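**Q** Below, each chain spelled out in residue letters.
2 protein chains.
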Amino acid sequence: MVNRRRAPRTGTAPPFRSDDGRWQELLDIAARIFARKGYRSTTLQDIADEFGVLKGSLYHYIRSKDELLFEVVRSVYGAGLANLRALAAADLDPVDRLRAVIRGHVLYLTDNLVGTTVLLHEFDQLSDEHRARLPIREYQAVVADLVADAQADPRVKPDLDPRLTALAVLGAANWVYRWYRPDGKRSPDEIGAAYADLLVDGMLIRTGAAVPGEPAER
Amino acid sequence: MVNRRRAPRTGTAPPFRSDDGRWQELLDIAARIFARKGYRSTTLQDIADEFGVLKGSLYHYIRSKDELLFEVVRSVYGAGLANLRALAAADLDPVDRLRAVIRGHVLYLTDNLVGTTVLLHEFDQLSDEHRARLPIREYQAVVADLVADAQADPRVKPDLDPRLTALAVLGAANWVYRWYRPDGKRSPDEIGAAYADLLVDGMLIRTGAAVPGEPAER
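Those sequence lines, one after another, are chains A and B. Per the numbering used here, residue 107 is the first one in the first sequence, and the count goes up by one each step. Per the numbering used here, residue 107 is the first one in the second sequence, and the count goes up by one each step.
Calculated from the structure, these hints are not laboratory results. The structure displayed is predicted, hence computed values, not measured ones. Idealized CB from N, CA, C, for every residue including glycine. Just to be clear, a hint being listed does not mean it is correct.
In silico SDA-like cross-links for lysine to any residue, where the CA-CA straight-line distance does not exceed 20 Å [as the list claims (entries may be wrong)]:
{"#": "1", "chain 1": "B", "residue 1": "161", "chain 2": "B", "residue 2": "185"}
{"#": "2", "chain 1": "A", "residue 1": "291", "chain 2": "B", "residue 2": "244"}
{"#": "3", "chain 1": "A", "residue 1": "143", "chain 2": "B", "residue 2": "246"}
{"#": "4", "chain 1": "A", "residue 1": "143", "chain 2": "B", "residue 2": "247"}
{"#": "5", "chain 1": "A", "residue 1": "291", "chain 2": "B", "residue 2": "146"}
DEER-style ranges, computed between Cβ atoms [unchecked claim]:
{"#": "6", "chain 1": "A", "residue 1": "185", "chain 2": "B", "residue 2": "192", "range": "41 to 47 Å"}
{"#": "7", "chain 1": "A", "residue 1": "244", "chain 2": "B", "residue 2": "146", "range": "28 to 34 Å"}
{"#": "8", "chain 1": "A", "residue 1": "217", "chain 2": "B", "residue 2": "200", "range": "49 to 55 Å"}
{"#": "9", "chain 1": "B", "residue 1": "163", "chain 2": "A", "residue 2": "296", "range": "49 to 55 Å"}
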């Protein structure tokens, strides 16, 4: 096991993974167990038991527990990024698109609490090498680009820093996983709409505070 | 060690702690080591070595590593809450007070990255019993109360949910610990001011969007 953990790794998943219908099932099972027990307390035996194979057969799919965590987190990141990009491609004006993206991202997170929990709780367990292979910058860039695009709209503050604004938006949204409970007072829709209104309205020029001489914006 | 971890605990710290000048020193050392190595990888031996005592002498201060983590996190929470309450007591109008609180909270977090990192990384390592003794609700309530107070001001959206708004503010601010680097492009002051403007402006009615018949607000 120790030797396997230290074995050199190729940069991409072996080809059998995409051919094997059980690969995503393994990732889903691992995510559920990591979310429930925590990564450090989970053994490959736990995962093999729930996956219904002998522990040795897991090595057909992964070399080690840390590789499995990386593959779970990469899969969660990939799905979240695909969702964010789909939201960002909506045929809306740039301000309404930002609202839709924030609302949609909050809904996505509350719909995917298991994956989000693993990603955000266990991120620190990943090696530097694994972290470097996650699309973290791309995630931020989707939102930062939307903010920069929106700045072409005269309603939007021209002096917003797109990256800083994106980090505030993602921070507020990601934090939802910490306190959201499906049986809580507010529905995901209400939370998403409230966050979108707070954060996007905060990007807009207040008419009363507009530059003197500029016409009031609607 | 296992027996000590399971020993019944009193609800408050033994009195020697406040009398002993080294108590805070122990917490600071433990926080630094937990932040650097992670709680799970840290041994009481590591802490005793850096504290300059034999491992057995640590039991004068704490019963177990999990109690030490709890005391570190409780101390970080307590100091952060005291700072938040001091900011919230500023003699300012409620809207400017919210700006000052958000800016001051971001500055506080960037000034206290070690404690913040331990609190946010290792929160999940705490037992339910320990978590229940942390002032988490009080933390949220300081900000939620400020939002509710600000709603007496006609500039502020009357339909904001104070708790949800507080969670968005704290989420955005707390997330800073994840990406902030002292040698980064933006200073803590710039980050704090940008977050305060984004989040507080988002709580204000846009004049162009005000209720028809209401006078435009400044």
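**Q** Hint by hint, which ones does this structure get wrong, listed from lowest number up?
**A** Hint check: 1, 3, 4, 5, 8 fail, others pass.
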